[in-house]
Each structure stands twice: as C-alpha cells, then as structure tokens.
Amino acid sequence: MRHFMKILAVLAAIQLAVASASAQQTVEPEKRAVIIKLMQMTGASDIGLQFGDMIVGQMIPMMKRQNPEWPDRVFEIISEVIHDTFEANVTDMIEQLIPLYDRHFTVSELNDMITFYQTPTGQKAISTMPTILQESSAAGQAWSQKITPIAIQRLQQRLKEEGLEGFQ
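The opening residue of the sequence shown carries number 0 in numbering that gives the first Met the number 0; numbering runs sequentially from there.
Calculated from the structure, these hints are not laboratory results. Ideal placement from N, C-alpha and C gives every residue a C-beta, glycine not left out. Incorrect hints may appear among the rest.
[To be verified] Think about it this way: if two alpha-carbon atoms lie no more than 27 Å apart in a straight line, the pair counts; the simulated DSS-like pairs of lysine-lysine are: (1) 145 / 159; (2) 123 / 36; (3) 123 / 30.
[Claimed, not checked] Ranges of calculated distance between the beta carbons of each label pair, as one might list FRET restraints: (4) 60 / 125: 26 to 32 Å; (5) 68 / 115: 50 to 56 Å; (6) 153 / 87: 47 to 53 Å.
Using the sequences plus the hints, can you model the full thing?
Shown next as structure tokens:
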C-alpha cells in the first residue's frame, strides 16, 4: 500500500505540472485552422509527448534511488502509464497552445511561417530543432556548472565587503 501511495503522489504532482493555468480562449475558425496546420507541420503537437518523456526521464532515476527495493517492472509500468496518459490527452495541450499562437502572430505571419517551413531550409529546421534544443540544454547546464562557483565566489566577496559575511 505504501508503494501505491507513492505512485499516486507522483501522478498527482504530474497532474499539477500540466494543469491548465488559464481558461480556453476563442480563436477565429480561419486563424485556428492556420495555427493547427503550422503546429502539425512543425511537430508542435509532439511537445506534450516530449514533456511526458522528460518528466519520466527525470522522475524514474530519482524514484529508483529512493526505492531501490522496487522491481524494475514497477518503473516500466509508471513510464508506460505516464506516456499513454500524455498521448491520450495531447489534444488538450494543443488547445492550450492555440491561444498563444493567436496572441503572438497574425494570420499573415502564420502563413509566412508555413511557407518557410515548406522550404528545404524550413524542413531542416523542423528536423534538427529537437536535437538543437536537447544539445543547447546540455550546453546550458555545463555553462551553469562552470559559472556557479564564480558567482558564489563573487557573492561571498561582495557580502564580505559590505560587512555581511554572516549571510553567506
């Protein structure tokens, strides 16, 4: 029962992470169709699945460390259920993104993007963007690890100069 409660707690945390923060907005049908076409063309509709996979990728190793006695099958089931749940509900995520595109782009701009993404360069951008985002995330983490000690050193020096060493 204790294990089941931990799994429920994890699933509740995931639910909070993906809950809608705002009410649905009405988007003109013509613009909505253009937005959906762009999202399909660029793979934006896959974001929900990628988000679910990212959550699983971060959560499972942590859960394994905290619960080394759990059999591997438990973690496989957790991964499958989360993936299947995100996949079954990806339409809800798309509905939340449509108002964002509506707010930030005109129909003309959306059509310009569609035209671009139909070019060889646009197709390359679509196919390489997930890799670029993944690699840039890793580069950002490495950069952060590199500069964090520098920032800490500077902070300690500044607090010392201000006579606030006790707040380090």
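- Given a hinted range of 50 to 56 Å, is it respected by the beta-carbon distance of residue 68 and residue 115? Roughly 53 Å apart at Cβ, these two residues keep to the hinted range, so it holds.
- Beta-carbon spacing of residue 153 to residue 87 - inside the hinted bounds 47 to 53 Å or not: holds, 49 Å
- Message: With the threshold set at 27 Å, check whether the alpha-carbon distance from residue 123 to residue 36 stays at or below it.
- Response: holds, 18 Å
- residue 125 and residue 60 - C-beta distance against the hinted 26 to 32 Å: holds, 30 Å
- Item | Pair hint residue 123 and residue 30, alpha-carbon separation not exceeding 27 Å | Holds. Residue 123 to residue 30 sits at ~25 Å (cutoff 27 Å).
- Message: Does residue 159 sit within 27 Å of residue 145, going by the straight-line distance between their CA atoms?
- Response: holds, 23 Å
Hint violations for this structure: none, all hints satisfied.
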